[in-house]
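**Q** Protein chains in written order, with the working numbering: chain A, 1011 to 1150; chain B, 1011 to 1150; chain C, 1011 to 1150; chain D, 1011 to 1150.
Derived from the structure by calculation, the hints contain no laboratory data.
These numbers come from a predicted model, not from an experiment.
Ideal Cβ positions, reconstructed from N, Cα and C, are used throughout, including at glycine.
Check the hints yourself; a few may be wrong.
Over 12 Å on every C-beta distance to chain C, these chain B residues come out as not near it, computed from the model [unchecked claim]:
1. Met-1011
2. Glu-1012
3. Ser-1022
4. Pro-1053
5. Val-1086
6. Met-1088
7. Asp-1093
8. Ile-1096
9. Leu-1114
10. Leu-1120
11. Asp-1124
12. Pro-1133
13. Leu-1136
14. Ala-1140
15. Pro-1147
Straight line, CA to CA, 27 Å or less: simulated DSS-like cross-link-like pairs of lysine-lysine [unchecked claim]:
16. Lys-1115/D to Lys-1101/A
17. Lys-1115/C to Lys-1115/D
18. Lys-1033/C to Lys-1014/C
19. Lys-1033/B to Lys-1101/A
20. Lys-1115/B to Lys-1115/D
21. Lys-1033/B to Lys-1014/B
4 protein chains.
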Amino acid sequence: MELKLTGAEIESLVQRGFGADEKMFTVEELRAGFARIRLPFRPRMLRPGNVLSGPALFTAADIAMYALVLGHVGPVLMAVTADFTIHFLNKGMPGDIVAEARLLKLGRRLAVIDVALYSAAAPATLVAQASGSYALPQGA
Amino acid sequence: MELKLTGAEIESLVQRGFGADEKMFTVEELRAGFARIRLPFRPRMLRPGNVLSGPALFTAADIAMYALVLGHVGPVLMAVTADFTIHFLNKGMPGDIVAEARLLKLGRRLAVIDVALYSAAAPATLVAQASGSYALPQGA
Amino acid sequence: MELKLTGAEIESLVQRGFGADEKMFTVEELRAGFARIRLPFRPRMLRPGNVLSGPALFTAADIAMYALVLGHVGPVLMAVTADFTIHFLNKGMPGDIVAEARLLKLGRRLAVIDVALYSAAAPATLVAQASGSYALPQGA
Amino acid sequence: MELKLTGAEIESLVQRGFGADEKMFTVEELRAGFARIRLPFRPRMLRPGNVLSGPALFTAADIAMYALVLGHVGPVLMAVTADFTIHFLNKGMPGDIVAEARLLKLGRRLAVIDVALYSAAAPATLVAQASGSYALPQGA
């Protein structure tokens, strides 16, 4: 599997696609079948109990899957999540969210990916584990 | 199943728990086994293609499940999502997100819930369908 | 949505496809967007505790989804499950398994379905709730 | 994490629990946080197209999760699956099914596990990937 985009290209592609003024996340590593992204901590990511919220973890997992798909199929912004499952395992300490996505399958129509989620504040603790599919546009 | 809280009580409980200045969502309906909430539209809910984003839909589903749990077990803010699965079905037009949560099981340790998600801009179209479990604190 | 096959046609299609000597299941109801099938009780469906096993419930859900897909897209035996999620809710008493499948989306490439599972021995108790996607062959 | 049972003890515990006359599966490897089991090929595991069926793969994943739980918490036959999600990735060639289960979390109430599924006939191809939770009896 040859990569079609660099991490920096993915970052700016998404930033422009979302009309964002600043970098939304960092692609820390991108290689065949794997991507690791980092989502910077924001106070609004916390929920009562001072732990990372479900929506914040979902967002990080979604970005990691999207970055992995873009890296492998090129700039197809219209790829969309088809299904997504997450198990929440341990409290996520306040900190950047690190998401490691692993490509399980890249078919013509679907990419299937799993994602391990960590807080940068406690990198040895798996906070959540997710899996999901991306529907790829025809002719991608 | 007797309800332990009203919709208005749930709204203010969550608002205070999150330290929010304004109402984050509305509980439109709450009865035994069912809750419907509405999450007001914000431009940041959109992703390229002008459709409701996955994280915005996840957030609405999570709130609906949480409201349903609080309504049935009382003010246990520490109830946490254990697992969550979502299928994205149709594009969500820009609008408030309406989430209808249905209680499938209320056990001592887990509540299992499914959620149907709609955009108020196109209420006849099912945008996504989710299911998940909430882990209940012991002695709840 | 017009139906392409009757319940009896689906039963015999699957029986022949599997090289089975006898009817494997009954399609009790089939209409636009809905199918209910019944899987006859076999002692090997039980696990310790005398309750319906996970694999038996999975099998019934899978058949209901498959019957619903065949009914709506015609005799495409090669349609395959892409993903499947199930929550086990209550003990399933020994009895026929009844599975009610509801079509959430019928796209060109994917059908998304949810399934409610019951034991005929205690028809008021929801035993499990499932959801999943079927990948449809191109040109189906 | 100390193991409470050996693979051979798990095999005979399950065989007796199910009243089976012969060994149903083999625990090929069991260590802290990991179990690999093998389910012997039976012709009834195939579906049209001569590939391993969904129910056969589900069965193997369920056994691997169960063996992993028993190995870590001891002979609690009443541990039950709470939720289960599977993505089917590639056709499973006819052969023994090998399931590798990895413990993501062992809490007091839930064990969360993911499972990779292979056919022994094509061991380099990931056939399916699953994740799920086991509800542990109180006081286990």
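**Q** Hint by hint, say whether it matches the structure.
**A** Quick rundown of the hints versus the structure:
1. With 12 Å as the threshold on Cβ separation, the claim that Met-1011/B sits away from chain C holds: the shortest Cβ distance comes to roughly 14 Å.
2. For Glu-1012/B, the shortest C-beta to C-beta distance to chain C comes to about 20 Å, beyond the 12 Å cut-off, and the non-interface label holds.
3. Residue-level check passed: Ser-1022/B sits 31 Å from the nearest beta carbon of chain C, beyond 12 Å.
4. With a least CB separation of 27 Å from chain C, Pro-1053/B remains clear of the 12 Å interface cut-off, as annotated.
5. A cut-off of 12 Å between C-beta atoms confirms that Val-1086/B is not in contact with chain C; the least separation is 21 Å.
6. Listed as outside the interface, Met-1088/B is consistent with that label: its C-beta sits roughly 22 Å from the nearest C-beta of chain C, beyond the 12 Å cut-off.
7. Not every CB of chain C lies more than 12 Å from the CB of Asp-1093/B, the least distance being 8 Å, so the non-interface label is violated.
8. Listed as a non-interface residue, Ile-1096/B fails to keep its Cβ farther than 12 Å from every Cβ of chain C; the least gap is roughly 9 Å.
9. The claim that Leu-1114/B is not at the interface with chain C is violated, since a C-beta of that chain comes within 12 Å of its own (minimum 5 Å).
10. Listed as a non-interface residue, Leu-1120/B fails to keep its Cβ farther than 12 Å from every Cβ of chain C; the least gap is roughly 9 Å.
11. The claim that Asp-1124/B is not at the interface with chain C is violated, since a C-beta of that chain comes within 12 Å of its own (minimum 6 Å).
12. Once the 12 Å rule is applied to beta carbons, Pro-1133/B is consistent with being away from chain C; the minimum gap is 16 Å.
13. With a closest Cβ-Cβ approach of about 6 Å to chain C, Leu-1136/B is found to fall inside the 12 Å limit, against its non-interface label.
14. Chain C draws Ala-1140/B into its interface by the beta-carbon criterion, the shortest separation being 9 Å against a cut-off of 12 Å.
15. No beta-carbon of chain C is positioned within 12 Å of the beta-carbon of Pro-1147/B; the least distance is around 20 Å.
16. Taken as a hint, the Lys-1115/D and Lys-1101/A pair is honoured in the structure, with Cα atoms around 12 Å apart against an allowance of 27 Å.
17. Distance restraint check for Lys-1115/C and Lys-1115/D: the Cα-Cα separation of roughly 34 Å exceeds the 27 Å cut-off, and the hinted pair is therefore not satisfied.
18. Distance hint between Lys-1033/C and Lys-1014/C is fulfilled; the C-alpha atoms sit about 21 Å from each other, no more than 27 Å.
19. Restraint check: the Cα-Cα separation between Lys-1033/B and Lys-1101/A comes to about 26 Å, which is no more than 27 Å; the hinted pair holds.
20. A hinted pair counts as satisfied when its Cα atoms are at most 27 Å apart, and Lys-1115/B with Lys-1115/D qualifies at roughly 23 Å.
21. Proposed proximity of Lys-1033/B and Lys-1014/B is supported: the alpha carbons are some 20 Å apart, at most 27 Å.
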